[in-house]
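Peer 1: Residue numbers (my numbering), protein chains in the order written: chain A, 1 to 506; chain G, 1 to 181.
Just so you know, these hints were derived from the structure itself, not from any lab. We treat Cβ as the ideally placed atom computed from N, Cα and C, and that holds for glycine. Heads up, a few of these hints could be off.
Sample of chain G residues lacking proximity to chain A, with all beta carbon distances greater than 12 angstroms (derived) [as the list claims (entries may be wrong)]:
(1) 39
(2) 135
(3) 139
Covered stretches of chain G (chain A as the covering partner; in silico rule of three or more C-beta atoms under 8 angstroms from a C-beta of chain A) [unchecked claim]:
(4) 44-52
(5) 149-156
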Amino acid sequence: MPGRTFAEEKDYLTKSGAVQYDVAKGFVPNMRVPGRVFVNDDLSGLLFGELEACCDRGSHGGFLPAVKQLANVAALPGIVGRSIALPDVHSGYGFAIGNVAAFDMDDKEAVVSPGGVGFDINCGVRLIRTNLMEKHVAKHKETLAQALFDHIPVGVGSQSLFPVTAKDLDDALREGMDWSLRKKHAWKEDIIHCEENGRMMNADPSKVSQRAKKRGLPQMGTLGAGNHYAEVQVVEEVFDQAAAERMGIGTVGQVCIMIHSGSRGLGHQVATDALTTMERAMKRDAIEVNDRQLACARIASQEGQDYLAAMACAANYAWVNRSTMTWLTRNAFEKLFNQSAEEMDMHLVYDVSHNIAKIEQHEVDGQVRKLLVHRKGATRAFPPHHPMIPPDYQLIGQPVLIGGTMGTSSYVLTGTQKGMEETFGSTCHGAGRAKSRNESRKQLSHTQVLDNLKARGISIRVASPKLVMEEAPESYKDVSAVVETCHEAGISKIAVKLRPIAVIKG
Amino acid sequence: MVDAPESCVAADIEQKASRAGKAGKYSQQAAAYRSEAEGSYNFEYLDHTADVQLHAWGVTLEEALASTALAMYNYMTPLEGLEPEAGEVRTFEAEGHDMDTLVYAFLDELLFTFCTELFVCSSLTVTSLDRENWKVTAQGRGHTFDRMHHASGTEIKAITYSAMQVREEPGDAEIFVIVDI
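Using the sequences and the hints, build the whole thing.
Peer 2: In structure tokens:
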């Protein structure tokens, strides 16, 4: 069968709203539901660009465009509603990055796919507020960046600063942030302000392989590399004063800290192991998928249940990891400003997960159903009054933390009822890449990127300066366009804009 | 092999090649593909929006596989300038149930050793490749990564099956693998 031209492919994509496109069945084989992509005119360029490049390239090498990946997900057994892409969508592996899909727990055929969670299980972002103001901190910016860099291990081959035993690791995998609380690395208020209260209850450390544990043991409390970072930010603009005050970040110039990291090697290995196991189970259960990276297992099967129990451990690890770095950050601030973290009001505003599958109740075709919602490069964004969000935020909706890229703004949004109806209560997770790492390395120089940041008054410490251009703002979509599209689509609401003053990266 | 959606399959290439009046199906593309080789190595990094696609080649599949491994190490820490002669020798084994799973398992084994023991191979030879039982053995020479002495690249989180391709022709082999950054 001859391949379709780009023009023929585009016939399957219809603009169905100001900032949305629908992907019709038939775009790839076996689609069970249609797809929907939320993008504005500026962001649609990359979406179509990836598709056009794929049509031009043919089958030698290359990669699948995001819109094809989204459609392949729509072909998975048990999917309900639509396969959804958020404005920061781009090509990933298996699922696209920025892809949300929900599977009916009461459908025997329905699957769980590690490719729909990603290798970095429970990669996420947390925001810690302070009562310090930019004018007090500005002169210490360089010292602050250095202090964080000294406190938090970053980059390739970085290891924990404190010893972790095999028993500690098992406890942490089972208990998540409750373990951090016991170790005095977390405050009890932190737990209330974290998705799932920082602990997935179905975690079973015996379902995590020795290989995964061996990778996770030396890395607890390390930031990692790639797009992970810790940033000191200031409140730049407040869009929703009531929501911002509720979160304790209502004053322009107020200093905050954002941490973006995940489950490190432990999570990566859990996903790798599951992929290998599920490959075999798929043959047995005769599950066919369009892409090998979409390996999956029936939710009710042994492989499916084992993965969910191991994934929960990796999620717990990620929360412990971010909690440990929060503790290190509080320590660094205490030393530098000679006040206690409590005096500086260093409370956790919230902690969100980007890569996770969760059992939730949603309304589908007028009926409430129990679904396994996969969010890959997407953030949960529950509306006001939802029982799963903390009492403090019942009136404003769940805080959604959107990390920008090195040197650009970040945002705090809140969840909406429309998001609950349109996207299974989900929204974007960040800027999303626009340029390939390779292109960035060729076109930008690291000195240029670092000078640019310096010129904008941002202090930076990086473990691998020569790769800093891969993470340069030029390599990403415009985070403001991404959050504005979510706001316009009504799937979340902009509350606060943050601007970085110091960045540390791997 | 990974199933590409119908729109992106081989028929396309042949059409394009015939339009361009090229005889060799892959020759022109292959030349363009191999134009960005890193230093004197038989590998390059191809464009991918989020991650990195490793592309490595050799006269035999064994060579291509070894080059793929070096491509992976080189992304985590630049290999240029490391002296393998003085290094330690390690043997790696992996098995799968077809070509893709074998390539996946092999690279995963090397990545696992790097992540747990920080061992970096700066040279590597595939000593046996058993296509009946899908087993591979390789011997690598290298050092333990040390942040004080080695330059840092970026972390590779995992190997993916996404758009994985293993291609062989007489006297030539190449591998495409996307790794998660």
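Peer 1: Was residue 139 of chain G rightly flagged as not at the interface, with every chain A Cβ beyond 12 angstroms?
Peer 2: With a cut-off of 12 angstroms, residue 139 of chain G remains clear of chain A, as the shortest Cβ separation is near 22 angstroms.
Peer 1: Report holds or violated for chain A covering the stretch 44-52 of chain G, Cβ cut-off 8 angstroms, minimum 3 residues.
Peer 2: As far as the stretch 44-52 of chain G goes, the hint holds, because 8 residues have Cβ atoms under 8 angstroms from chain A.
Peer 1: Report holds if the minimum CB distance from residue 39 of chain G to chain A is greater than 12 angstroms, and violated otherwise.
Peer 2: Fine: 14 angstroms to the nearest Cβ keeps residue 39 of chain G off the interface.
Peer 1: How about the stretch 149-156 of chain G: do at least three of its residues have a C-beta closer than 8 angstroms to a C-beta of chain A?
Peer 2: holds (count 5)
Peer 1: Take a quick look at residue 135 of chain G and tell me if its Cβ sits farther than 12 angstroms from every Cβ on chain A, holds or violated.
Peer 2: holds, 15 angstroms
Hint compliance for this structure: every hint is met.
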